[in-house]
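A.B. asks: Residues per chain are reported as follows:
2 protein chains.
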Amino acid sequence: MFSGAQVSLYPMADDFVRIILSSLSALDPYRARFRIETDDLSTLLVGPPQEIFPAMRDLHVAASRNNVHCVLHATVSRGCPGEPDDPICTPIAGRDFGTPIAARVEEALANVAGAPSCGQVVAAQLSLYPLGAGHHMDEIYGCIDFLKRSGVFGKSKNFCTTLRGDAGAVFATLSEAFLRFGSPAGHLAIDLTVSANSPSKA
Amino acid sequence: MFSGAQVSLYPMADDFVRIILSSLSALDPYRARFRIETDDLSTLLVGPPQEIFPAMRDLHVAASRNNVHCVLHATVSRGCPGEPDDPICTPIAGRDFGTPIAARVEEALANVAGAPSCGQVVAAQLSLYPLGAGHHMDEIYGCIDFLKRSGVFGKSKNFCTTLRGDAGAVFATLSEAFLRFGSPAGHLAIDLTVSANSPSKA
Chain D
2 MFSGAQVSLY
12 PMADDFVRII
22 LSSLSALDPY
32 RARFRIETDD
42 LSTLLVGPPQ
52 EIFPAMRDLH
62 VAASRNNVHC
72 VLHATVSRGC
82 PGEPDDPICT
92 PIAGRDFGTP
102 IAARVEEALA
112 NVAGAPSCGQ
122 VVAAQLSLYP
132 LGAGHHMDEI
142 YGCIDFLKRS
152 GVFGKSKNFC
162 TTLRGDAGAV
172 FATLSEAFLR
182 FGSPAGHLAI
192 DLTVSANSPS
202 KA
Chain G
2 MFSGAQVSLY
12 PMADDFVRII
22 LSSLSALDPY
32 RARFRIETDD
42 LSTLLVGPPQ
52 EIFPAMRDLH
62 VAASRNNVHC
72 VLHATVSRGC
82 PGEPDDPICT
92 PIAGRDFGTP
102 IAARVEEALA
112 NVAGAPSCGQ
122 VVAAQLSLYP
132 LGAGHHMDEI
142 YGCIDFLKRS
152 GVFGKSKNFC
162 TTLRGDAGAV
172 FATLSEAFLR
182 FGSPAGHLAI
192 DLTVSANSPS
202 KA
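If you read the protein sequences in the order shown, they are chains D and G.
Numbers 2 to 203, taken from this note's numbering, label the letters of the first sequence in order.
Numbers 2 to 203, taken from this note's numbering, label the letters of the second sequence in order.
Honestly, the hints are just simulated from the structure, not real lab data.
As the structure is a prediction and not an experimental result, all values here were calculated from the model.
The C-beta atom is built at its ideal place from N, Cα and C for all residues, glycine as well.
Hints may contain errors.
[As the list claims (entries may be wrong)] Heads up, incomplete: computed chain D residues facing chain G, CB under 8 Å, no partners named:
| # | residue |
| --- | --- |
| 1 | Met2 |
| 2 | Gln7 |
| 3 | Tyr11 |
| 4 | Ala14 |
| 5 | Ser43 |
| 6 | Ile102 |
| 7 | Lys158 |
| 8 | Thr162 |
| 9 | Ala190 |
| 10 | Asn198 |
Produce the entire structure from the sequences given, and follow the hints as far as they go.
C.D. replies: See below:
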């Protein structure tokens, strides 16, 4: 299954170029397992689905150091039928969609509870798009149940849902939503915004 | 049909708060016909589908004055089944999906050719998501044909397509894609990024 993201960083600061460039080393631990391509609009990350959100977390936390108001936006996708299958995107073993939804919710909650703390509070906003046939609404409702019990649920808004909390728990919650719900072979996309250090506190 | 967008502005400058606040007057001509709600992550615009992209264009051009590198991100939606129908979202008359696709492509191209110039070059990146049943692939292919002939087509990337040109033509192209293609009553969402004055020219 092809999986990856188009990722952009927006540091609201005059020296945004330096901030972005100095945060890129946060991706170094992931480079061997990812294809990474940058242009003027975004950086493509293609690689193992279970490492996409940890990579984005480390990148965003690095760019948000020193209390910079910094937003990460990502267009995340798995199973896009227009994309070639790629061995570097193979999911890890044991992510079994045969497991009943209730059990997957519990597994996801356990993983979020064990997420490392990053010491950086973030607010996130996501829209989850299950595309094509084969995405049972049970899967979507299971994901919503998980998000509401994740400990970082914010609120429902028009067109999206918000999460709030430590970057560790928020990105872990996003990753579990991406990996464990929706049709296993289906096309699933997420429109994701994560904000740190906003002066407009919720 | 419920239509609207969650819109965010990201000026890459120390005085981002002043830039954002001083650009909001660009929405004044639209306020009477829109419901507008702001929190720390985005601003909700709910209103007539044919005015969503002009409103976002005017907002983004205003915030990009004085050569500020400024990005607008929007989660745009029409026909979301979870949203109440709303009289302010009623499409204008004459947008008839009974018209053959080839004729709609020509109408869209004519509208883009007549778009006003804004004097601001932008780069845009969009992912278009037709959700649920009823979106014939013919509609999607028709939209892609239109984008490629729009005069502002950039390139195809993983997970998205880019456009480049004057903000007038780019936002007009986006608006036509949103209004004229996909199932008329179906749920259609766009994950949109528009960037002005990037120091990383393509």
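A.B. asks: Now tell me if each hint is right for this structure.
C.D. replies: Results for each hint:
no. : hint   : result
1   : Met2   : violated, 14 Å
2   : Gln7   : holds, 5 Å
3   : Tyr11  : holds, 4 Å
4   : Ala14  : holds, 6 Å
5   : Ser43  : holds, 6 Å
6   : Ile102 : violated, 20 Å
7   : Lys158 : holds, 7 Å
8   : Thr162 : violated, 11 Å
9   : Ala190 : holds, 6 Å
10  : Asn198 : violated, 11 Å
Hints 1, 6, 8, 10, counting from the list given before, are not met by this structure.
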